[in-house]
Amino acid sequence: MVIARNLVNVDCRVSQYVETINRLHIEGAKLKEKLTGKRDQQRDTQRREVLEEVEKAKCRLPHRQASCTGGEAQGHPRTPG
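Start counting the sequence shown at 1400; every next residue gets the next number (the numbering used here).
Any given hint might turn out to be false.
[Said to hold, decoys possible] Computed Cβ-Cβ distance ranges for the label pairs, DEER-style: (1) N1405 x T1444: 53 to 59 Å; (2) L1406 x Q1445: 56 to 62 Å; (3) K1437 x R1459: 29 to 35 Å; (4) A1456 x L1434: 28 to 34 Å.
Please keep in mind that the hints were generated in silico from the structure rather than gathered at the bench. Glycine is no exception: its CB is placed at the ideal position from the N, C-alpha and C atoms.
Build the full structure now, drawing on both the sequences and the hints.
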């Protein structure tokens, strides 16, 4: 009878471990999704910042200043584009 009871206890423990492992897999998948979302958001923010810096740099170029200021700057006529 002791052997049968030990087998039942082992079966119960194994099923608990399986449930715990499954929950951990689900939690890991959710955390990966969350991390991916944050990475995407950071990448988008960095991309926007880089584009803003590029535009600022373009405006600092002498031949582009007129188009960036919306009028004539430093004697350069405004050119489209």
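Hint by hint, here is what the structure shows:
no. : hint                      : in the structure
1   : N1405 x T1444: 53 to 59 Å : 58 Å, holds
2   : L1406 x Q1445: 56 to 62 Å : 58 Å, holds
3   : K1437 x R1459: 29 to 35 Å : 33 Å, holds
4   : A1456 x L1434: 28 to 34 Å : 32 Å, holds
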